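> Single-letter residue listing:
Number of protein chains: 2
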Amino acid sequence: MNNWFKFLYLSVFLFFTSGRAQETLTIGEKQTLFSKILNEKREIWIHLPKTYNDTTITPAKYPVIYLLDGEINFEYFTGMTDFIARTPYADIPECIVVGIKNTERTRDLTPTKSQKKSPVNPDVTLFADSGGSENFVKFLQDELKPMISKNYRTQEYSILVGHSFGGLFAINTFLTHPEYFKAYVANDPSLWWDNKVTISRTKDYVEKNKKFPAGKSLYVSQADNEEQQKNWNSDMTQAIEEFKEIIEKNGSLNYKHSFFKGETHGTVSYPGNYEALKFIFKGFRTDIKQLAKNPKQLEADYKNLSEKLGAEFAPSEAYLNVVLTFMKTNDFKESEAYFMNMKNRYYPKK
Amino acid sequence: MNNWFKFLYLSVFLFFTSGRAQETLTIGEKQTLFSKILNEKREIWIHLPKTYNDTTITPAKYPVIYLLDGEINFEYFTGMTDFIARTPYADIPECIVVGIKNTERTRDLTPTKSQKKSPVNPDVTLFADSGGSENFVKFLQDELKPMISKNYRTQEYSILVGHSFGGLFAINTFLTHPEYFKAYVANDPSLWWDNKVTISRTKDYVEKNKKFPAGKSLYVSQADNEEQQKNWNSDMTQAIEEFKEIIEKNGSLNYKHSFFKGETHGTVSYPGNYEALKFIFKGFRTDIKQLAKNPKQLEADYKNLSEKLGAEFAPSEAYLNVVLTFMKTNDFKESEAYFMNMKNRYYPKK
Numbered sequence: 040m041n042n043w044f045k046f047l048y049l050s051v052f053l054f055f056t057s058g059r060a061q062e063t064l065t066i067g068e069k070q071t072l073f074s075k076i077l078n079e080k081r082e083i084w085i086h087l088p089k090t091y092n093d094t095t096i097t098p099a100k101y102p103v104i105y106l107l108d109g110e111i112n113f114e115y116f117t118g119m120t121d122f123i124a125r126t127p128y129a130d131i132p133e134c135i136v137v138g139i140k141n142t143e144r145t146r147d148l149t150p151t152k153s154q155k156k157s158p159v160n161p162d163v164t165l166f167a168d169s170g171g172s173e174n175f176v177k178f179l180q181d182e183l184k185p186m187i188s189k190n191y192r193t194q195e196y197s198i199l200v201g202h203s204f205g206g207l208f209a210i211n212t213f214l215t216h217p218e219y220f221k222a223y224v225a226n227d228p229s230l231w232w233d234n235k236v237t238i239s240r241t242k243d244y245v246e247k248n249k250k251f252p253a254g255k256s257l258y259v260s261q262a263d264n265e266e267q268q269k270n271w272n273s274d275m276t277q278a279i280e281e282f283k284e285i286i287e288k289n290g291s292l293n294y295k296h297s298f299f300k301g302e303t304h305g306t307v308s309y310p311g312n313y314e315a316l317k318f319i320f321k322g323f324r325t326d327i328k329q330l331a332k333n334p335k336q337l338e339a340d341y342k343n344l345s346e347k348l349g350a351e352f353a354p355s356e357a358y359l360n361v362v363l364t365f366m367k368t369n370d371f372k373e374s375e376a377y378f379m380n381m382k383n384r385y386y387p388k389k
Numbered sequence: 040m041n042n043w044f045k046f047l048y049l050s051v052f053l054f055f056t057s058g059r060a061q062e063t064l065t066i067g068e069k070q071t072l073f074s075k076i077l078n079e080k081r082e083i084w085i086h087l088p089k090t091y092n093d094t095t096i097t098p099a100k101y102p103v104i105y106l107l108d109g110e111i112n113f114e115y116f117t118g119m120t121d122f123i124a125r126t127p128y129a130d131i132p133e134c135i136v137v138g139i140k141n142t143e144r145t146r147d148l149t150p151t152k153s154q155k156k157s158p159v160n161p162d163v164t165l166f167a168d169s170g171g172s173e174n175f176v177k178f179l180q181d182e183l184k185p186m187i188s189k190n191y192r193t194q195e196y197s198i199l200v201g202h203s204f205g206g207l208f209a210i211n212t213f214l215t216h217p218e219y220f221k222a223y224v225a226n227d228p229s230l231w232w233d234n235k236v237t238i239s240r241t242k243d244y245v246e247k248n249k250k251f252p253a254g255k256s257l258y259v260s261q262a263d264n265e266e267q268q269k270n271w272n273s274d275m276t277q278a279i280e281e282f283k284e285i286i287e288k289n290g291s292l293n294y295k296h297s298f299f300k301g302e303t304h305g306t307v308s309y310p311g312n313y314e315a316l317k318f319i320f321k322g323f324r325t326d327i328k329q330l331a332k333n334p335k336q337l338e339a340d341y342k343n344l345s346e347k348l349g350a351e352f353a354p355s356e357a358y359l360n361v362v363l364t365f366m367k368t369n370d371f372k373e374s375e376a377y378f379m380n381m382k383n384r385y386y387p388k389k
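Taken in order, these protein sequences are the chains called A and B. So that you can map any letter, position 308 of the first sequence is 347 in this note's numbering, and since no number is skipped, the others follow by simple counting. So that you can map any letter, position 82 of the second sequence is 121 in this note's numbering, and since no number is skipped, the others follow by simple counting.
None of these hints come from the bench; they were simulated from the model. Please read all numbers here as calculations on a predicted model, not as lab measurements. All clues stand as given, with none of them false.
Since the list gives no way to pick out one identical chain from another, each pair is judged satisfied if it fits inside one copy or across any two copies.
Mimicking EDC-like on lysine to aspartate or glutamate, the simulated pairs with C-alpha atoms at most 16 Å apart in a straight line are:
1. 328 x 265
2. 300 x 314
3. 156 x 370
4. 140 x 62
5. 367 x 162
Please put together the full structure from these sequences, using the hints given.
What follows is the structure in structure tokens.
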């Protein structure tokens with residue numbers, strides 16, 4: 040290949056490469072962060088909501104969802120948050136999703152050191168590296184969260200989402216550091232861990248504190264017992280039900296427990312996470328037809344929601360634009376003026 | 040800015056740009072296709088399953104899901120198909136997802152020309168461009184499907200998925216061209232369209248053919264009536280229920296109808312599509328613990344599934360590898376040998 044031809048060939052190749060690159064569908068980006076606490080590099084997957092870079096609106100701040108087992112859950116989860124935050128049918132506010140990829144999963148997600156013989160083959164010892172969750176939660180609180188707040192426009196509302204050991208971790212974090220997150224989601228949590236140490240901690244918590252902190256949400260999903268038995272997980276089911284009983288006796292928590300018929304331990308996160316977000320943000324969905332007749336309803340709804348969630352939520356500019364278009368198209372002149380006023384109040388143009 | 044500085048600045052900028060580009064998370068790519076039938080360029084979003092480019096296994100073929108309203112549904116849908124196709128908990132086979140982006144949605148998805156005054160503002164005429172679905176289905180069958188089969192490794196099993204007008208389109212396609220797809224998913228379909236013309240077509244079909252073709256699946260989801268009324272959609276609900284009655288009287292179809300409490304017209308696709316795929320591929324999930332004791336079960340299950348679906352399905356090499364690892368780790372020697380033999384039979388190494 041002579042040089043001139045090589046140049047042409049490379050140019051064409053580069054052209055197509057960059058042409059193709061523009062045509063990919065992306066949902067986020069990977070970042071790395073060196074954790075001093077864990078003494079290792081961690082990979083973080085970040086998804087920004089649809090309006091994040093919309094230059095036609097005032098730059099907004101967004102709640103943040105910290106998603107454990109990022110490598111397995113990130114794709115459907117980010118698709119879901121965007122889908123159910125679409126106006127005018129939005130069930131939740133738009134969220135930033137931070138997926139955390141595992142390095143040593145058992146070490147990070149389990150609260151105590153506890154080894155176990157494999158139920159299938161007693162020659163195999165499981166969980167030799169367990170017991171590092173206190174370190175891992177420090178990493179989340181003192182290193183990851185500050186990095187996210189520094190680099191992205193975040194609102195003071197964050198949710199921790201986990202499954203299996205990740206669910207165990209979420210519940211342990213709720214009990215030991217309830218101030219770290221506003222809401223906790225535990226899908227089929229491994230509460231059987233270490234002779235149900237987390238159940239004991241829950242009992243201790245209730246005994247000592249009488250009730251749970253205000254403005255917190257906890258959602259627990261549970262897979263089908265029959266399916267669990269097929270996978271040697273019947274002690275998983277028992278522990279979750281025991282936890283449910285303790286929590287349900289204590290009425291101060293915004294708590295929901297769901298049993299999913301037909302779901303396995305491996306699939307329950309999909310419907311569980313959907314229901315969890317709809318549960319946490321219950322009251323967020325607005326009825327645009329009602330707003331035409333009763334425009335004051337919107338701020339009343341947001342006031343209730345903010346009280347329930349223990350954080351300030353206000354109608355987004357993107358949503359107010361949709362409301363305004365609706366009022367204009369359908370000739371609800373008074374309501375249109377009302378919401379125009381509201382928009383100017385929340386989002387004054389400089 | 041002097042030239043030397045400009046050069047440095049640009050170099051650094053390019054370096055970071057390309058560095059960042061490598062770190063994005065992608066879920067598919069956009070392709071364009073000029074349709075002679077529609078006389079326009081169409082944008083198609085393509086998602087390939089996780090194992091598609093896995094060089095450690097024999098190149099496999101995959102069922103194809105044609106997803107209408109691609110721009111709204113592609114992200115969560117592709118995340119979902121990958122998630123529920125994960126071994127060993129897989130509920131469905133890995134699938135290629137083809138999202139179709141709209142140009143003139145009403146034109147493409149409605150079966151007849153039918154205009155309507157806006158229920159909110161009678162001065163506005165809706166659906167002036169309706170009635171082009173026969174053309175659009177020809178585009179799918181004669182242009183899009185051949186392009187996908189030519190460029191990707193596809194299995195002879197395809198599913199059409201739509202919502203609202205897309206659901207109307209799916210049901211109309213099922214009635215007028217049942218041979219085009221093996222399964223049809225209609226989320227909250229707009230069966231009220233044009234004085235319920237599709238209900239009449241369904242009655243005619245049943246009267247003429249007595250029963251539906253074998254090996255076909257049809258799934259219909261329905262949003263909550265109360266929520267529908269808030270959005271002026273109560274005639275939507277009535278028509279879907281009328282359709283359900285006609286179909287349920289005719290027992291020959293692999294049919295499921297689901298009502299989703301609390302879901303709106305805009306949100307029902309999310310749980311609907313999940314349930315639809317689990318319904319269509321019911322029988323696909325295997326019990327790996329049972330396989331240890333009774334390895335013959337696997338091919339028996341696949342035989343039943345293939346009969347039900349009207350297409351050949353066989354255990355994937357990726358799945359057989361998971362089964363083999365399980366048998367080896369847990370010292371099920373006989374079953375391991377059995378599945379090694381099966382793997383060599385289906386996927387002989389050249």
